[in-house]
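Input sequences plus hints: build the corresponding full structure.
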Amino acid sequence: MDLTISHGLYGLFTIIIIITMIFRKGVVLPTLLGTFVIAWVYHGNIIDGFTAIFHANLVAAQELFSIFLIITFMLALLHSLRDLGADKRMIQPIQKLMVNGHISYFVLVGITYVISLFFWPTPAVPLICALLVPAAVRAGLPAMTAAVAIAIAGQGMALSSDYIVQVAPSLSAAAAGIETSLVADKAMILSLISGGIAITLAYLFYRKTIRPKEDKRNEMELKTLQTADESTNKAKTIHLTIWSKFFAVLVPLSLLIVVIYMMYSKLFSGNSDLVGGDGAALVGGVAVILLLLSTLAFGKHYALDYISNHITEGFVFAFKAMGPVIPIAGFFFLGSPDFSGRILGVEEGPALLFDLVQSTQSYLPQSALLAGFSILIIGIITGLDGSGFSGLPLTGALAASLSNSSIDTETLAAIGQMGAVWTGGGTIVAWSSLIAIAGFCGVSVMDLVRKNFWPVIIGLLVSTLVAIFLL
47 MDLTISHGLY GLFTIIIIIT MIFRKGVVLP TLLGTFVIAW VYHGNIIDGF
97 TAIFHANLVA AQELFSIFLI ITFMLALLHS LRDLGADKRM IQPIQKLMVN
147 GHISYFVLVG ITYVISLFFW PTPAVPLICA LLVPAAVRAG LPAMTAAVAI
197 AIAGQGMALS SDYIVQVAPS LSAAAAGIET SLVADKAMIL SLISGGIAIT
247 LAYLFYRKTI RPKEDKRNEM ELKTLQTADE STNKAKTIHL TIWSKFFAVL
297 VPLSLLIVVI YMMYSKLFSG NSDLVGGDGA ALVGGVAVIL LLLSTLAFGK
347 HYALDYISNH ITEGFVFAFK AMGPVIPIAG FFFLGSPDFS GRILGVEEGP
397 ALLFDLVQST QSYLPQSALL AGFSILIIGI ITGLDGSGFS GLPLTGALAA
447 SLSNSSIDTE TLAAIGQMGA VWTGGGTIVA WSSLIAIAGF CGVSVMDLVR
497 KNFWPVIIGL LVSTLVAIFL L
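Residue numbers for the sequence shown, in this note's numbering: 47 to 517.
Just so you know, not all the hints are guaranteed correct.
[Said to hold, decoys possible] In silico PhoX-like links for lysine-lysine, alpha-carbon gap of 25 Å or less:
| # | residue 1 | residue 2 |
| --- | --- | --- |
| 1 | K269 | K259 |
| 2 | K346 | K262 |
| 3 | K291 | K269 |
| 4 | K142 | K259 |
| 5 | K291 | K346 |
| 6 | K366 | K269 |
| 7 | K254 | K366 |
| 8 | K254 | K142 |
| 9 | K291 | K71 |
| 10 | K71 | K366 |
| 11 | K346 | K366 |
| 12 | K346 | K134 |
| 13 | K291 | K142 |
| 14 | K262 | K71 |
| 15 | K142 | K346 |
| 16 | K259 | K366 |
Worth flagging that the hints you see were computed from the coordinates, not collected in a lab. Values in this document were obtained by computation on a predicted structure and should not be read as measured data.
Take a look at the structure:
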């Protein structure tokens, strides 16, 4: 494998982007510029540089559109429920459990972890954000802190072990040439250590932002969370209270049935199709049917116009809040062989990011301590593409080559899996499915990344030390 000027430029712009993020500045400009320059140099033709910018954004939009779509449908449903007044009725029982912001934080963590462990965070996020986050905000938990809790528990702690579905440990183990169960068991332990530390640190860091239940800012933030101004739609039914109570029961009951069905499919029928993207599609489809029914109940024949307004509002919010993520994702997709061919217009695209990481293999140290932290760093770097799983074959292969009498292959593979999935799964990169959490919670995805960064990094460092010296 020979590194080219394009590889060097990709590494340079990646460093520039990371430094820009550290200084809390926007990274859209360097990602767009980097995409243009790298494509220009790769082809030796400025025209191809121009077209690559467009193709990078198009590919990113195609890959991320499912997230935009689930945000749109869930928000449209929430808006229609707000017309009926069912949104407030729906969360009244949950409010009894969430007596204050502090308890709400840990309730969100627990429920998110359990649901995400069974069928990944992607379908879990809209369920949790639709039903639990509004109740948590009413109890005094800021929306940003709620987003942190969901991201760390779901995208981080649950997905990094992937103990039930076992896609991640299977990828790691296959590349390392060992049994999946060996990696899965070690990954489960490390994920609990990383997650426990990250969750605790996040609570300690941000507990002072938690407000009393009676604070007026809770209602103000709830309006931001629901991402719409007061509805101008007029009810066309004289039974508004009855319909409000009906949908306050129907919506959470329907979503609960979805959860039970997905869990049953996984545990008893052996069907894992409803995990991840397919699970999100099921949730989104159910949300659309509920949207149709609630809009009809509220507006009767005027529902023909009302439903269009709700969906339009959902799309506008999704693109307004998440749009900047597309060019960022485009740049990091350029570093992945899965997407670079489509971006550069070649049949077999270069693996710019992975080639850079793999080129360091011969320089990695052989001691357990340095090998462990080296593979953690490599895992984190591979996670920068925003998927979390694409780097697992690389970290698994490196684990097999770096293992020695001081540290075994499965431990190194689990460490690499932690770095890749916690990063790209994601908790600390904005161009991952983290944008769905930010969207539903009505917060800036870049601010959410910054809030997650230190708790997650410290958790990973401590779990790596535990793996090296105790596992």
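Here is how each hint holds up against the structure:
1. The straight-line distance between the Cα atoms of K269 and K259 is roughly 16 Å, inside the 25 Å bound, and the hint therefore holds.
2. As the CA atoms of K346 and K262 are separated by approximately 35 Å, the hinted pair breaks the 25 Å bound.
3. A C-alpha spacing of about 21 Å is found between K291 and K269, which places the hinted pair at or below 25 Å, so the restraint holds.
4. Taking the CA atoms of K142 and K259, the gap is about 12 Å. The hint holds against a cut of 25 Å.
5. Of the supplied pair hints, the one linking K291 and K346 holds, its CA atoms being roughly 17 Å apart against a limit of 25 Å.
6. Note on K366 and K269: the hinted pairing holds, with a Cα-Cα distance of about 17 Å set against a maximum of 25 Å.
7. The hinted pair formed by K254 and K366 fails the criterion: a straight-line CA distance of about 30 Å is larger than 25 Å.
8. For the suggested pair K254 and K142, the alpha carbons sit about 22 Å apart, so the restraint of at most 25 Å is met.
9. Among the hinted pairs, K291 with K71 is inconsistent with the structure: their alpha-carbon atoms are about 46 Å apart, more than 25 Å.
10. In summary, the hint linking K71 to K366 is supported, as the alpha carbons are separated by about 18 Å, within the 25 Å threshold.
11. A distance of roughly 30 Å separates the Cα atoms of K346 and K366; the hinted pair therefore is violated under the 25 Å criterion.
12. Proximity of K346 to K134 is assessed by CA-CA distance (about 22 Å); at most 25 Å being required, the pair is judged to hold.
13. A C-alpha spacing of about 18 Å is found between K291 and K142, which places the hinted pair at or below 25 Å, so the restraint holds.
14. Between K262 and K71 the CA atoms are separated by roughly 31 Å; this puts the pair beyond 25 Å, and the hint is violated.
15. Proximity of K142 to K346 is assessed by CA-CA distance (about 34 Å); at most 25 Å being required, the pair is judged violated.
16. As the CA atoms of K259 and K366 are separated by approximately 30 Å, the hinted pair breaks the 25 Å bound.
In terms of the numbered hints stated before, the structure departs from hints 2, 7, 9, 11, 14, 15 and 16, listed from lowest to highest.
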